Amino acid sequence: MKENNTLKNHQNDLENLERYIEEFSIFLPLPICTASPLGIVIDANQAIRDLTGYSDSEFIGEDIEFLFKDKKLAKSFFDQIIKNGLIKNQELILVDKYKKDIPISASGATRKDVEGNIVGCFLAISDITEIKKFQENLEEKVEERTYELETAKKALTNMLEDAEESRKRIEEEENKTRATLVSLTDGLIVFDKNKRITLVNPQAESVLGLKENQVLNREISTISEFPNLIELYRILGKKIEWTGQRYELIFKKPITRYSQVSIAPVVVDKETIGLMVIMHDITREREIERLKTEFVSIAAHQLRTPLSAIKWTLKMLIDGDIGSLTPEQIEFLMKGYQSNERMIILINDLLNVARIEEGKIIYDLLYSSLEKIIEEIIDRLLPVAKNKNIKLIFNKPQKPSPKIKIDKEKIGIVVQNLIDNAIRFNEVNGVVTVSINYDKINIEVTVEDDGIGIPKEQQKRIFSKFFRADNALKFETEGTGLGLFITKNIIEAHKGKISFKTKKGKGTIFKFTLPIK
Amino acid sequence: MLNKKEIEDVLKLKGDVRGAVFKTDARYVLEKKGEEELKKIETRIFKETGEPVKYGKEVISTNWYPLSWRILSLLFIKDTFKWDDEEIFKMGLTAPKYSFIVKTLLSYFVSLEKTFAESTKYWREHYSTGELFSPTIDVKGKLLVIQLKDFESHPILCPYFKGFFKSIANLSVRTKKMNIEEDKCVFRGDEYHQFVITWE
Numbered sequence: 001m002k003e004n005n006t007l008k009n010h011q012n013d014l015e016n017l018e019r020y021i022e023e024f025s026i027f028l029p030l031p032i033c034t035a036s037p038l039g040i041v042i043d044a045n046q047a048i049r050d051l052t053g054y055s056d057s058e059f060i061g062e063d064i065e066f067l068f069k070d071k072k073l074a075k076s077f078f079d080q081i082i083k084n085g086l087i088k089n090q091e092l093i094l095v096d097k098y099k100k101d102i103p104i105s106a107s108g109a110t111r112k113d114v115e116g117n118i119v120g121c122f123l124a125i126s127d128i129t130e131i132k133k134f135q136e137n138l139e140e141k142v143e144e145r146t147y148e149l150e151t152a153k154k155a156l157t158n159m160l161e162d163a164e165e166s167r168k169r170i171e172e173e174e175n176k177t178r179a180t181l182v183s184l185t186d187g188l189i190v191f192d193k194n195k196r197i198t199l200v201n202p203q204a205e206s207v208l209g210l211k212e213n214q215v216l217n218r219e220i221s222t223i224s225e226f227p228n229l230i231e232l233y234r235i236l237g238k239k240i241e242w243t244g245q246r247y248e249l250i251f252k253k254p255i256t257r258y259s260q261v262s263i264a265p266v267v268v269d270k271e272t273i274g275l276m277v278i279m280h281d282i283t284r285e286r287e288i289e290r291l292k293t294e295f296v297s298i299a300a301h302q303l304r305t306p307l308s309a310i311k312w313t314l315k316m317l318i319d320g321d322i323g324s325l326t327p328e329q330i331e332f333l334m335k336g337y338q339s340n341e342r343m344i345i346l347i348n349d350l351l352n353v354a355r356i357e358e359g360k361i362i363y364d365l366l367y368s369s370l371e372k373i374i375e376e377i378i379d380r381l382l383p384v385a386k387n388k389n390i391k392l393i394f395n396k397p398q399k400p401s402p403k404i405k406i407d408k409e410k411i412g413i414v415v416q417n418l419i420d421n422a423i424r425f426n427e428v429n430g431v432v433t434v435s436i437n438y439d440k441i442n443i444e445v446t447v448e449d450d451g452i453g454i455p456k457e458q459q460k461r462i463f464s465k466f467f468r469a470d471n472a473l474k475f476e477t478e479g480t481g482l483g484l485f486i487t488k489n490i491i492e493a494h495k496g497k498i499s500f501k502t503k504k505g506k507g508t509i510f511k512f513t514l515p516i517k
Numbered sequence: 001m002l003n004k005k006e007i008e009d010v011l012k013l014k015g016d017v018r019g020a021v022f023k024t025d026a027r028y029v030l031e032k033k034g035e036e037e038l039k040k041i042e043t044r045i046f047k048e049t050g051e052p053v054k055y056g057k058e059v060i061s062t063n064w065y066p067l068s069w070r071i072l073s074l075l076f077i078k079d080t081f082k083w084d085d086e087e088i089f090k091m092g093l094t095a096p097k098y099s100f101i102v103k104t105l106l107s108y109f110v111s112l113e114k115t116f117a118e119s120t121k122y123w124r125e126h127y128s129t130g131e132l133f134s135p136t137i138d139v140k141g142k143l144l145v146i147q148l149k150d151f152e153s154h155p156i157l158c159p160y161f162k163g164f165f166k167s168i169a170n171l172s173v174r175t176k177k178m179n180i181e182e183d184k185c186v187f188r189g190d191e192y193h194q195f196v197i198t199w200e
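Protein chains in written order, with my numbering: chain A, 1 to 517; chain B, 1 to 200.
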């Protein structure tokens, strides 16, 4: 009876144990299985069934490595458990029933009987998919970031290399530019945007009597120790601006030198980064001009005396003061006389040009009446006009114009040149009209003809030395080409202005104004 | 439909079996057919035999139940689902995997020798009738012979035991290929049942 009770109790205990294990197995969220010492799966809990998708019948009885992708690693892991008693956190890839790889962390411990013999082992599995994903994401991110950093580093290195290359190129370019500027025969001062001096080439150093480092990065207005630089600044109107104008600068020290000064912008990639003052030395040209003018002046003076003697001698012969001559002899002498006259005109023109170039064209300024001067000239030219049957009209103002301070002789040359041209370059039966107008400031003289006009393409050169328009050359072979050059210079020497309007074949209107005061 | 005579003959069989067998049967049917079908088996057995065979929690694994119930369970399952012997073999094959008693009694399946050396004890713990022996346990020769003697039962248990013994052997030997044959059977005129297991 007692034995039966004990048996019954044991039976109950076993039943309770089975129930307990079953409930515990279902509840336990950690996938666990047991394996025999041979590595055969003996039991598994619900969590492992859920994880692998295998039922007990499919899973129990299989070799433990059956679950894993790397069979060798799984077997080795199991052997290590048996050998060491405990192995923790071995990462393996579990392949579930549906062939899906599941990263897991496995831990195993041996089971022993009361005598200490190994009777199997427990195997606990943790699904580390999320951790792995996180790790992979992290690794991906680290990899991406590393790649980005490497790319950025490469880009930065390239940029640095490019920058270094660019710097070298710029330096090279600067050196080249500097070498070019330094070797220029023209003096050059370069200013930056802030009008500070950034370069003075050796030629400018020589002309200005300074050294580049003495003025570098300084504003020209603050420099007072170099007279030639001060003079340059004065000539430029005490401003460094690009006006397109050209200035003439005369340095007196250490020797007299002439420079033609211009300002040009320094443009890089369409951007103006500064200005440069260019000083072109024209001392030699000036000297040659001076010598030429001097020579012309001397030669003309020397020629004028014998030409005058010839003139008067021929005049006396023609007039019969020395004795009567045959008409044929008179005709020959007349030709000689006219040639001599033309020579005298040329010499006078050359002398006037020489005076202009010496800056001495006017020197005898007196208050004179322009009307009188014009009348005298018209009287002198009437015979010439009559020869061509040209009507010469003089429109005087209702009130006589005021006398103005002029070099009477030179203004006479101006009027003579303009009326003479109007007659000479006019057709027979043409009309030449001279008018005077004035206001409180200026007197204006107009000489209008209905002659051959000036071709459009040659109008710009009409006041140049020795220039004669093509149609003028065909129409009238005589003429020096100096008349209008002299005329313009005389008017400008009187602070007046001269201009013209013309149309080829229709006529020309020359107009000059002179200030009353 | 089961033959009434056959049922009556089964009910006449003597001997008991541990309740664990109903639990393993139930688990197999549950996995294959579901709870509703399992209930139907219970109902049908009771209806057709008057025997209260149960599969639920009321079954105690270690309690003794009539051997006839165990046979009725298999017969009605087989008949209801029109299963063949192969399916009964599979039921036997899975039974040890589900059985707490088996796993407990067979001392962790440390080795084939130890497992089957305990087979007689195991049998006695499981069945009140018959004797189980393992006259040949040759691990090197990969041969295991199991004899079941003095066990008056029903032929349906032959495929079931085939699966059951194979499964036990499988839990004790690492092999991918194991074979079992019942080369002697009382229902074929032999004195006892003999199962021969070989493996590679």
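If you're looking for bench data, these hints aren't it; they were derived computationally from the structure.
Bear in mind the structure is a predicted one, so any value in this text is a computation, not a measurement.
Ideal placement from N, C-alpha and C gives every residue a C-beta, glycine not left out.
Heads up, some of the hints might be wrong.
The following residues of chain B were derived to be distant from chain A, with all beta-carbon distances above 12 Å [claimed, not checked]:
1) 3
2) 31
3) 101
4) 112
5) 122
6) 169
Each computed DSS-like pair below joins lysine-lysine, with the alpha-carbon atoms no more than 30 Å apart [claimed, not checked]:
7) A/195 with B/39
8) A/141 with A/99
9) B/39 with B/121
10) B/39 with A/88
11) A/8 with B/176
For each label pair, taking beta carbons as the anchor points, the in silico distance ranges come out as [claimed, not checked]:
12) A/73 with B/9: 54 to 64 Å
13) A/105 with B/6: 54 to 64 Å
14) A/96 with B/86: 26 to 36 Å
15) A/138 with B/118: 22 to 32 Å
Now for the hints, and whether the structure bears them out:
Remark: the non-interface label on residue 3 of chain B is consistent with the geometry, its nearest Cβ contact in chain A lying 30 Å away (cut-off 12 Å). Look at residue 31 of chain B: its CB is around 6 Å from the nearest CB on chain A, not clear of 12 Å, so calling it non-interface is violated. Here residue 101 of chain B does not stay apart from chain A, with its beta-carbon only about 8 Å from theirs, under the 12 Å limit. At the 12 Å boundary, the C-beta of residue 112 of chain B falls inside the reach of chain A, the nearest C-beta of that chain being 9 Å off.
Consistency note on residue 122 of chain B: stated as away from chain A, and its beta-carbon is indeed over 12 Å from all of that chain's, at 15 Å minimum. Chain A draws residue 169 of chain B into its interface by the beta-carbon criterion, the shortest separation being 10 Å against a cut-off of 12 Å. At most 30 Å may separate the alpha-carbon atoms for a hinted pair to count; residue 195 of chain A and residue 39 of chain B exceed this at roughly 108 Å. The hinted pair formed by residue 141 of chain A and residue 99 of chain A meets the criterion: a straight-line CA distance of about 28 Å does not exceed 30 Å.
A hinted pair counts as satisfied when its Cα atoms are at most 30 Å apart, and residue 39 of chain B with residue 121 of chain B does not qualify at roughly 33 Å. Between the alpha carbons of residue 39 of chain B and residue 88 of chain A the distance comes to roughly 45 Å, so the proposed pair goes past 30 Å and is violated. With a C-alpha separation of about 41 Å, the suggested pairing of residue 8 of chain A with residue 176 of chain B is violated against the 30 Å cut-off. The beta-carbon spacing between residue 73 of chain A and residue 9 of chain B, approximately 56 Å, falls within the hinted interval of 54 to 64 Å.
Here the CB-CB span from residue 105 of chain A to residue 6 of chain B is close to 55 Å, well matched to the stated 54 to 64 Å. A beta carbon spacing of about 27 Å between residue 96 of chain A and residue 86 of chain B agrees with the range 26 to 36 Å that was offered as a hint. Distance hint for residue 138 of chain A and residue 118 of chain B: a CB-CB separation of about 53 Å, inconsistent with the stated range 22 to 32 Å.
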